[in-house]
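Undergrad: Going down the list, the protein sequences come from chains R and B.
For the first sequence, the numbering used here assigns the number 7 to the initial residue and increments by one for each residue that follows.
For the second sequence, the numbering used here assigns the number 952 to the initial residue and increments by one for each residue that follows.
Calculated from the structure, these hints are not laboratory results.
Using N, Cα and C, we set each Cβ at its ideal position, and we do this for glycine too.
Treat each hint with caution, since some may be false.
If you only want the chain R side, here are some residues facing chain B, beta carbon under 8 Å, derived [as the list claims (entries may be wrong)]:
| hint | residue |
| --- | --- |
| 1 | 88 |
| 2 | 92 |
| 3 | 222 |
| 4 | 258 |
| 5 | 289 |
| 6 | 377 |
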Amino acid sequence: MALTGVQIFKLLPKTNCKKCGFPTCLAFAMALAQNKVELAKCPDVSEETKKTLGEASAPPIRTFNLGVGDKAVKMGGETVLFRHDKKFFNPCALAVNIKDNSSDDELAQKAAEVAASELNRVGQKLRVDAISIEYASNDSAQYAKAVKLVADKAPDAAIILNCKDAAAADAAVKAIAARKPLLYGATNETAEALANIAKTHDIPLCASAQGLEDLSALTEKLQGLGVNDIVLDSGAKTAKEIIEHNTQIRRSALKKNFKPLGFPVLNCVIRDDSTLEASIASVAIAKYSSIVILSSIEKWKNLAIFTLRQNLYTDPQVPMQVEQKVYSIGEPTPDAPLMITTNFSLTYFIVSGEVENSKVPSRLAVMDCEGLSVLTAWAAGKFTAAKIAQFIKDIGIETQVKHRELIIPGQVAILSGALEDKLEGWKITVGPREANAIPTFLKSKTV
Amino acid sequence: MSYIIPKESYNGKVLSVDFGKGNNALTVGGGNCLPFLSFEGELPHPPVIAYEIQDTVPEDWPDTVKNIYKDVSANPVTWAQYCQNELKAKALALRLVSTHPDRENRSTEDVAKIIKEVLAAIEVPLIILGSNHIEKDASVLVAAAEAASGSNCIIGKAQEGNYKTIVAAALAHNHKLIAMSELDINLAKQLNILITQMGFAKEKLITDPMCSALGYGLEYTYSVMERIRLAGLLQNDATMQPPILGDVGMYVWKVKETVASESDVPEWGTLEERGIAWEALTATGMLIAGTNLLIMRHPKAVKITEQTINELI
Ligand code: SF4
């Protein structure tokens, strides 16, 4: 993996000429090891050293795009096995598969479904990212025609050419070369021919093998043929093969710096039952897949899979925040209770869940406290009487509710006096300290 | 270059916990590697799914799941038999929601009667859950443990605010126990320590680090579970080795995605499939993170999750 300062030092000119801005070659080497400077700052470094250090500093999993334009999906670049160790960076692309011998209507319909798949969830736009067109007709003219049709009808989607036949693949790539399709995939037998197409059009190539031993050999062969943007298909079919192969691939890349498997992974999870397919897709998403190929993209299924992907790719170091606003739970009348809390998403989920449990329609005012929980926000001076009073005035709640009673979290009971002073005409009620007491509390208020 | 499979070496092992009696008894846990990675360890007992039943008609469940049980849910005995005999449930989880002071506030005498009737009517193992009212659960679960004496049930949930009496009852009547804390690995650890300090064997514990539904904090539960598993397996932290519970159904079947009709939110698609997928995908997420025992509600979601488990083992 990355070299130590001393290992780098051995490769430098050792003249201490200071041209790099450091007093000694060793100091420069130490800074390099910590990625604080670039090797180019030393003008006297040898070509050989450049090559050695370049390879050592390449990211363990190669990063490149699936598709083109602003909807392209960045793949690879991951640095950890578990999201709590840092985060997962590049959410996996979702693709739907269609056979090229489907009717024109079916092809157009599927492409339109993909084009219209975008949903908004907690501020993020989520969509089916790609279409995989499977070469089933055994007719390369038909394949090129189908690919062109689908690509035209889904202008933002990435295209995956699910085709192992070199002649058909070549014709299809030529039909949509500007879309930079992913060619899926090269086997040991077709490696030369498909590598040639990938190189000519500068498109990524998926290596398809059975098992990781054969897959490593194949990617080395493809690299030898000059292809650098490689996607891995280990032949995994069952959920067990997916979780085991993908785990082994990620560990080899990250812990062993094993270059032949330092690439993004593709999994095909097609099943007869659409819900089962969604469940197996979840296994692949949780365990390191960069492209998941599905057979259908119903709206309910998209929502569930998008949400799972979004959840697992959330940065665990940054508490997720919910939007500052007054949330209606149930269908609150102007007389319904009004509660306030902070915008730490976990706080919001727990409090709103308990309000739902109470079955008492209510309003929950969520105040932006930079994603801190109630006590932390209070301690940090972000959830103070003055700020809450200002928030209540600014958010326009006085037009939504008839009453003037605000329920504050029990943990900040201490604020009630100051808040009554600052919010003229309002009654401040101290709610429960713990969220699970909310249902009892709210019910007692309505009787 | 030949490929060498990178295997992790683990120092610890997940404890195995059995519940139920005779031929239908089940065991969960017992693995010595991360979930489903059997290329580097032994995973003797696949995860188990228990069907949730309640001691009263589940008025607060959305129609998608409430209607499935509409002919049997008026009586916990018929409900239990339906799950066991028709749905082929391998285990049941009876939640005593009617004991909650805001519901029927049912007495401990009633609880004892219900438990005895249900146990007499089924052969599969039973999990007995309170209503999640800290004070009331303390007395309800004591009565339940006594009524179920000798049946080797799992009872819960013992929480920081009420664990003492519940632990004593589980100990006296030889049950397994769920220890629940709220989404924090340190709280989970601390509660397990407090409970074992009372003389309750860690080999009889199940950890519930609190479940969350897909889209509503699933990632927190996911990472807390992964960290618990890693602490138990890699650091051999004995307080982090009990099997993990994922109480999926109760968190899923109230979120908007399982309740809102298609006419209200057309872009979300059909409600029934959406609700089932929500429960199944939440369960799958929990399984991958390390859950050994799931509690679920919808038969189709259970079936999908079982198929997923079968593919994973
Ligand atoms: S410029 Fe290069 S040779 Fe000169 S001191 Fe820096 S590292 Fe050493």
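Undergrad: Each of the hints needs a verdict: does it hold here or not?
TA: Hint by hint, here is what the structure shows:
A hinted interface residue such as residue 88/R counts as satisfied when its beta carbon comes closer than 8 Å to some beta carbon of chain B; here the least separation is about 6 Å, so the hint holds. Look at residue 92/R: its Cβ only gets to about 12 Å from chain B, farther than 8 Å, so that hint breaks. About 5 Å separates the beta-carbon of residue 222/R from the nearest beta-carbon of chain B, less than 8 Å, and the hint is met. This hint holds: residue 258/R has a C-beta 5 Å from the nearest C-beta of chain B, less than the 8 Å allowed.
With its C-beta approaching chain B no nearer than about 6 Å, residue 289/R sits inside the 8 Å limit, and its interface hint holds. Taken as an interface hint, residue 377/R does not check out: its beta carbon lies about 13 Å from the nearest beta carbon of chain B, beyond 8 Å.
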